[in-house]
Structures are given as structure tokens and as C-alpha cells.
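Participant: For the record, the sequence lines run as chains W and X.
Note that the numbering used here has the first sequence beginning at 1, numbered continuously upward.
Note that the numbering used here has the second sequence beginning at 766, numbered continuously upward.
Be a bit skeptical, because a hint or two may be false.
Which bits of chain W does chain X cover? Going by a derived footprint, with three or more residues having C-beta under 8 Å, they are [unchecked claim]:
no., region
1, 8 to 18
2, 210 to 218
3, 482 to 488
4, 640 to 649
Treat the hints as calculated values from the structure; they're not laboratory data.
Please read these numbers as outputs of a predicted model, since none were measured by experiment.
Beta carbons are placed, not taken as given, at the ideal position from N, Cα and C, and that holds for glycine.
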Amino acid sequence: MASPLRVVGTRAAKLDAPAKATGAIRYADDLVLPRMLHGALTRSDVAHADVVAVDVDEARSIPGIVAVLSSADVEDVLGSLAPYDPACHDFERSRPFEPTAGDARLLGRRVRYVGEPIAAVAAEDAATARCAADLVVADLAPLPAALDPAAARTAHAPAIHDGVERNLATSVARREGDPDAALEAATVVVRRRFVTSRQKQAQLEPTCCVVDPDPQDGFTVYSPVQAPHRARFTLAHLFGVDASRVRVVNTAIGGAFGKGDALTAEPHAAALALVTGRPVKLRYSRNEDFVGTEARHPCVADMTGGFDADGRLVALRAHVTMDAGAYLSHSPRIAAVVAGQLMTVYRIPNVDITVDVVFTNSPVNGAFRGYGGPQAAFSLEQLIDLGAREVGVNPADARRVMLADDPDRTTLLRCLEAVVQRAPRPARETEGAPERPHGVGIACTRWKSGIADKPGAVDQSGAIVHLHADGTVDVITAACDLGTGVKTALAQVCAEVLGLDLGSIRVSDVDTAATPFDSGAHASRSLYRAGQAVQAAATDVRDQVLAYAAEVLEADPSDLEFADGAVRVRGAAQRHLGLPELLHRALFDGHDFHGHGQAPKSQAPTAAAHLAEVEVDLETGRVDVVRLVAVQDVGRAINPTLVEGQIEGAVHQGIGYAITEGLVLDRDTGVVLNGSYMDYRLLTATDTPLIEAVVLEAPDPTGPFGAKGVGEPGIILPAAAIANAIRDAADVTIDELPMTPERVHRALTAADRPPETSETRDSTI
Amino acid sequence: MSVEVSFTLNGAPVRTQVEGSELFADCLRERLGRTGTVLGCREGVCGSCNVLVDGEVARSCLLLAAQVDGCEVVTVEGLALDGELSRLQQSFVDEGAIQCGFCTPGLLISATALLAANPEPSRDEIVSALSGNLCRCTGYAKVVRAVEAAAHSQEV
């Protein structure tokens, strides 16, 4: 590598931080347009029903009500509406937009979960809209409901979607080797069922968007969606308009974590805007956000692992049932990730994995940071520890043995060793009081940067870099900044390539009318993919400027370099031109420098390992996470502060997933019982343990300055590491999330609990 | 039912008519255009809507606009002086304590009140003072560090 980096690798302050610190930043709810109306939704209070009729007379009569749309009349008013994929993958189907069982409908005639919208109203103010929405009376003919996957799979279960037999939405199967024979020959076989929960993103900004109709045709959507270009395609198709007539603009995103990777309020806001001809703001209450936006799939994983005498997992049989909720959305892809994670973190030679996705009459589950990774890790990492315990090998050794023989795993092995090095020493000293024993647990995972290697999936980022005559730059990209700071990192990449200060760079807002296609902020791809595009675009600009400078300086472009705001001849520093002078001259010569870059087809694998130190109160079952060490390979930290922020934030969410979080649905009605911040338990500052983020850099040649994806590994492992630590502390396996005091206590006191201890209890790590 | 309220907002006098049932948060955001104060839950749990009323932290989503009559109110827009960020605001920026930023105004208000009452808080005191603010992005680590860094400089 040539000269040391000036901007990449520095802890530059986030470009939007001052605006956020002063309240100047604008979220969707801060947007006010002329003649704007406010929307509100009437939602179903039963889990499964046909909409027979909708009485809107009383709602309509309220002064200030401008429009009411319902399941009964929406197509009369707006014309025929296509079924749509909330995840906006529908244009990627083998036949684009081919209707698929499990697609959603805008105010459809059948409701499939408690909370599904039945009517939408627009009024002059929010309070009036809410009042009117509450006065809409739906005549629903209830249908039998299947509220959980077991019920949905029975022979007599109601068909939630036509043509989907026994509600099996899709299934992913992976077979390799001969699992039957391998299990037969295994030294030890461990069987266990693991159950995970519906975790909610619970981002602080409640779902909100504004849709502004175009007087000619089409509309503009102002929303914190994570994939504006995809949202554009799906919305255009839904309303039967050309994509060029739909514009999606990001407002500042107040947290996302996958919630914004699906359409939420946009379709209903757009419908109201089209009907009224006026801008409409549709804002969800916090309860609506809990119920009406997608959550993490709860999974039941029946795992059977065969281990050899070294603790190596030689055979894995896994049957995983995922609860999709009422519509398909992201489910097929997440199922594939669950299967993939179970198979590929370790080289398991014999596998028989089935992941079934089941429709139920419950809120839709979809994208949440980790995307199946946490569910797979909770099961697999505990299975490995159980096997290790049975054969008498320590958990770290069992993993070392599995990771050692494949050279591709070296980064994962490095992460594992780094985490093991940070285990408390000596182990005995951390035992704690006898009634509050301490324990240590580890877990590790591989992950990827984006999905460019996934067949049938779009993973694209383009960027334009525009160098202005005054030496300042616009980076034009549709990379969404969810709060991650990716825009700042992209500015750092651009500044590095062009030899400019960060202060000269501005990164655009995301606007589908102006920014090149980007497939979205998910799959830990933004910095990696948009970074590749920005690096390429900036390099293109640099080459154009050098070619022009070569003419002016009468030199060969290969002898020129960008440095200190000037272009100079290498080795002859007196032959240079200041950039402002050069650019000004260029304008008169007919040059306006804009470069274009596209991310190439590439993948950059990453890895992470966690170590959790817990204290278990044997009397109450309460688990205190004392410390969580997260080692993660990020390739290169373009900005160490941002990278640490991603790891710390993800780990924090992962700890919540482990011990306190989970939506609770009423068994009989399907109503979400804890759809508020009061009852859905997020960890506060007081609850949050010490999180040690350890950044490992193994640069990837395909990444911008070697950088790889960062956002997700941190949330994948904490529950697994904590569960393994609980076993170490208290000799119990907690196989269900969240690992609340009640659950732990029940496990501790269960008279018939399976034996957890092996004869000789080795040191933990 | 309409009521007139007079109060000081970030050092300047305000006099306006408000509805009897109008929340102070909505008054600030919609009537007075101060959208820096944001609403995360409208039920007093998340702390995003925190403001200072007569120096004390208050949930503006649990206050009626009519209740601030005669009070001195400070919102996030009032923390910077003459365009210069307060020591706390600058510290949040420098320490990477701001990700999506939605919880930031509420956190800044809580931290401002803390440092005004207790200029040299311990880490535990900082954590306790922030325990009423939910943040989903940062895991709180850099937020606590930012408050510590601001506390150990001379001014707030």
C-alpha cells in the first residue's frame, strides 16, 4: 500500500450529528406540506374474517373529514389494485410481479390478523382522523383462526391463503452426506428443542410517512424506508402507474433495524393522497408500530446433533418451523438464511435440514437485523455446547477443532481466539457467591456483506461523484443512513480518493428521482456496496481530472497525483496546479467532472465471536449479564467510532433478545398483549452491561479500502453466548427466549430436568 | 375550549392560545414549529419528548400546554448559545453518541439537568439520570461517555 490514509480510518464526527444535536434534523413527522391532510387507520379486532360491509356514515359526518376508504369500496374508487409484496421483492420474481400466495392487499376483503387495516380516513387534523377511524364500523364475518404454527398445520386448520395446503407457505431443505449413518456412528447424540421469540425493532421513531400526489399523475413518498428504489417499484405496480411517476424520498430515519425494509404506512397514505388530491401524512401510534410492522420470526427448532469424541458436530438433523404471520413478505429469504447458517458456520459433513414457513393469523414477521441469524445461533451454539459437555471437551476446543481444518475459516478462528483470550482468568475467581454463581459462555458465527452471491436476488449500488468548479463535491447515492453513519463513511472514502478534506464533501439525500439504484440498507451491505460504488465513482472523477490536468501541465496522466488540494507532477513538486484553479479553468474548457461507479458482483465474508459473563440468581432465576465481549472482523474500520457504535448497538439489542424482549400474543384471540414501551421491555441505561467491542481488521480486497459489512453480527450471538454462560453458571439449559427469571427459575427447579453436568466439569474455556 | 398561555421558551416570551386538551409536545411542534422535541410513544415512557420546565425534566407528552403558563421552558433548540453547541451537545457529536438521533434531544435534556444539579457526577449517577431515556441504536455506551467527557470539562 502506498501512502498512509488521511481520512479513512479516522474518527470523523458524523456529518448529521450537529443537526441531530440541535433538533434541526427533519424526520417524517416534522414534514408539513401545503393543504396536508392527516390519515388514520381502522384496524381489525379479530384474527381472521371476511369483510362483509363497512359502515362509514358516522365517520364521514364528522367535520374535517375529507375522505374515507374501506375494504368495501377502495377498488371502486381507485380502480383495481394489484396484490403486493410488502418486502418489495416482487419485481425480482422470475416473472416480475407475478402474484404469489401470501402477498398483501391494500384494504383487502379478508383480514388475516388482529390489527390488519380495514379502513383509512383522511382529515384536516390528526385528532379528527383518529376520531373518525374509531367510528368506522366493520361488519366482519369471522372465520376460524389458526393462531400458531402447530394449529395452522393440522388437517382441519383454516386455509389462510388460497391454494396453500395446510398453511405451509414455503419450505427450505438442505441435505448433505448421510446423516442417518453419521448419527448412528456418533459418540454422542444430543436432541433438543429450541424456541425463539418475536422480537420487535421498537425503533424510537414511530412509523410515519407523507405522500404528496402529483397533479398530473403519480405521487411522491417521503418516508424513512430502507430501500426507496424497491419501494418505488412495488408502489408503482400496486397502483398501476409507471415507476417513473412514483418518487420516493428518504426523510431522516429514526431507527430502522429492518422495520423499514418493508412497506408500512406508504400504501394507505398513497391511496388517501390519490383519492383526495392532497398530501397526506399517516403516522402510526406506538401500539400500531408494535402490531402493524414486521417483527422477527419466532422459530421452533428441533435439533439432533451427532458428535465425535473431540466434540466435532459430525451430523445435524434440524427441523425448524418459522411463524410467518399472516403474509409472506421476507419469510422465504429468512428461511434460507436459517438453513444456511445452521450448515455453514461450521463444516458439518452430514446434514438434514428442513425449514418450514407457516402462515398463521397473527401479525406479519419479516426483516429484523440478523435476519434468521439469531434464531440459528441460539439453537446451534447451545447444541454444540451440550455436545461438548457430553463428550467432556471444553466449548472453545470443540469449536477450534471444527474450524481449524478449513483455511477459509481463519478469520472466524481469529475471532474465537480473541474472545477466549478475554475470558476472565482464572475461571474460579469469577464464581461469585454460591447462591449467585457466575458463568462464562461463548458463541461464534460467520456472516456476509450483502447478498450479491445469492441467486435470484438483486444486490446493487451505484454512485455518482460530482466535483464542482469550486473544489467541493456531491456524492450522489441512494445508500440509506439508518443512523449508522454510512453517509459519513462514504464521504470519507470519497475524500480519501480525491485527496480532499471531509468538509468539502456533501452526501446527497436519497431520492429515487436523482440517485442511482441501490437495493437497500439491509444484509450488512451499505458501506461495503455503496462504498465500492463511491470509490469507483471518485476514482473515475480523479482519472478525468488527471487527464485534463495532463493536458494543461503537459505531462503524462500517470506522472500526476492528487495531493493537498492540488494536482502535481510526481517528483517535480513545482509543476502543480491548485485544484480550484484547475477546475475553474476546466469549466471554460467544457469540462464538468462527474464520475460514475457501480458495485461489482462480489462478496466479503465476515465473522464474529462473543463471550458472555453472567451471574445467575438461583433463588429468583434472574440473570445479570456482567460483561459481553464482542469480537468482530470488519475488514477495515473506515470510521472506528461508527463501527464500534454498530457493534455496541447490535449487541445491546441482542442482549434484550436474550433476556427481556418478546411480543406476547393472546392464545385465544391473537391480540398483541404488550404492544407498548411500558410492557415490551427494552433495556435501559441501567440494565445495560459493559459491552466490549473489539474490532478486528482483516481487509478484503473487494471492499472499499478493505472494509466489509458490520451491522448484523453483533445481534446474532448474545443470546447464544448468554445461554451457554447460564449453563456454565447453573447447570441448566434455557432453550426458550426470552430467558426471563420465570423461565430460568422453572428450569432450575424442574424435578425431572435432564442431567446437564458431565462427570468431570472442565474449566469453561 | 381555548386557553391563553404565556411562558418563556428558550429565553424568549411566548403568548399563544391553546386548546384545553392540547399536549404541550403538540403545542411545541405544531403550533410553535419547534420540531426538535420529538414523540416516541405519547405515553411518557421513552423520554424522547423531554423538556425542561423551570429547570426540571418533564415529559412534554404528559403535560398539557395549559400547564406551562408562567413557566420557563427549555427545549433542545435552546441548548446552543449564539449558534455554538453546548459542551454537552459537542460532546455527543465528538463521542459518537448520536446514531439515528431520535432519542438525542430527550437525552440532552436529561443530561443538561443532571450536570446543572451535579457538575461532577459518577458513572452510576449518569446512568441513573439517563435511565428514563430509551435508546435503541447506541447501547448507551457512547452516550454515557459523552456525558462523562462533558462533565470533566469546565463549562456545560
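Participant: Run every hint past the structure and note whether it holds.
Facilitator: Okay, the hints, checked on the actual structure:
1. 8 to 18: holds (count 6)
2. 210 to 218: violated (count 0)
3. 482 to 488: n = 4 at 8 Å, threshold three: holds.
4. 640 to 649: holds (count 6)
When the structure is compared with the earlier hints, a violation turns up for hint 2 alone.
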